[in-house]
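K.L.:
Sequence:
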Amino acid sequence: MAKFHIGGQAVIEGVLIRAPERYSTAVRRTSGEIVVKSRDYIPLSKRKKIYNLPLVRGVIGLVEMLSIGIKSLNFSADMQVTEEEAKKKKVGKSRSFGQSLSFALSFILVLGIALLVFFYFPLWLANFLKLQKTTWQFNVLTGVVRISLFLGYVWFLSFFKDLRRIFQYHGAEHMSIYAFESGEGLTLNNIRKYSTLHPRCGTSFIFLVLLLAITIYSISDFLFYLVDGSAPGLAERVFMHLILLPFVAGVAYEALKLSDKTKSRLLTKIIIAPGLWLQMITTQKPSDDQIEVAVAAIQGALRLPLAPGVVALE
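For the sequence shown, the numbering used here gives the first residue as -18, with consecutive numbering after it.
None of these hints come from the bench; they were simulated from the model. Source: prediction; values computed, not measured. Worth double-checking, as some hints may not be accurate.
Said to hold, decoys possible - Distance condition first, Cα-Cα at most 20 Å in a straight line; then the derived EDC-like pairs of lysine to aspartate or glutamate:
#1 Lys174 <-> Asp270
#2 Lys238 <-> Glu295
#3 Lys242 <-> Glu162
#4 Lys111 <-> Asp209
#5 Lys30 <-> Glu2
#6 Lys30 <-> Glu235
#7 Lys27 <-> Glu45
#8 Lys(-16) <-> Asp143
#9 Lys(-16) <-> Asp269
#10 Lys(-16) <-> Glu2
#11 Lys111 <-> Glu217
#12 Lys142 <-> Glu2
#13 Lys29 <-> Glu45
#14 Lys(-16) <-> Glu165
#15 Lys244 <-> Glu162
#16 Lys266 <-> Asp143
#17 Lys27 <-> Glu2
#18 Lys30 <-> Glu45
#19 Lys52 <-> Glu2
#20 Lys238 <-> Glu45
#21 Lys238 <-> Glu2
When you get a sec, could you build the whole thing from the sequences and use the hints?
P.N.:
Laid out in structure tokens, this is it:
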């Protein structure tokens, strides 16, 4: 068995793997060549004790993973440009700034739409149905609507060919991590034995956040009622729930962390089951060449020798 856990995510035609003090992104280029880019990185939770406190470390870790994930996605996209296209493009500082600005604006737009659809709309709907005074019903409805929207969104994505390939790389990531953490060699025969469904997956985390939000937001609304004497209105609920979102994420992180230590217990299996079911959509059986890319990412993150033909980039 491995002495530590590793994690990661799928990127465009590749896999990102994050080890305790290093992360690595492996991508297969259009030429068929595998390139690996690795960087040393010590998490903030290891640099300062305050960042390793329960609840805090979950939020900090998510922000770090988001930052690393975006960088890896950009790298994987760049690696899909053919050599001929790369020669035609003379990317100067102004172009780089323009690309960065465009990406930042796109990210803000996507985040805004996500908050509008997954956060505000369920609150508005429950308010429209005049459930303000029934705290539990209000939050159960918003929770069910959020979960339904999320499931519909993931199901819709599964119809796109390019995203199905990312789901395959997602499966390759999980299977390879299973093999490593079981102490087995990273060979195709060993990796093929394992499932594409992993309890520590980000998909499971998101689903757990959606479930926990129902309970935590119900408690916050009830406390508001005790203090104010009336149920919170729509604007007050939007403000309170948005402020509490990092707390919900922190609780979900701690719950997922605890579930890894108690995975043999029945209650834990029940809690993580919905996230695993959802992964039946977000992960798919990978091909051998996709597993090869996932293995290269693990080797880069752990400073292991790369397979012949795999190119390490500075």
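K.L.:
Does each hint fit the structure? Answer for all of them.
P.N.:
We went through each hint and held it up to the structure:
no. : hint                : in the structure
1   : Lys174 <-> Asp270   : holds (16 Å)
2   : Lys238 <-> Glu295   : violated (33 Å)
3   : Lys242 <-> Glu162   : holds (14 Å)
4   : Lys111 <-> Asp209   : holds (19 Å)
5   : Lys30 <-> Glu2      : holds (16 Å)
6   : Lys30 <-> Glu235    : holds (17 Å)
7   : Lys27 <-> Glu45     : holds (13 Å)
8   : Lys(-16) <-> Asp143 : violated (35 Å)
9   : Lys(-16) <-> Asp269 : violated (27 Å)
10  : Lys(-16) <-> Glu2   : holds (14 Å)
11  : Lys111 <-> Glu217   : holds (15 Å)
12  : Lys142 <-> Glu2     : violated (34 Å)
13  : Lys29 <-> Glu45     : holds (14 Å)
14  : Lys(-16) <-> Glu165 : holds (13 Å)
15  : Lys244 <-> Glu162   : holds (15 Å)
16  : Lys266 <-> Asp143   : holds (15 Å)
17  : Lys27 <-> Glu2      : holds (9 Å)
18  : Lys30 <-> Glu45     : holds (16 Å)
19  : Lys52 <-> Glu2      : holds (17 Å)
20  : Lys238 <-> Glu45    : holds (17 Å)
21  : Lys238 <-> Glu2     : holds (19 Å)
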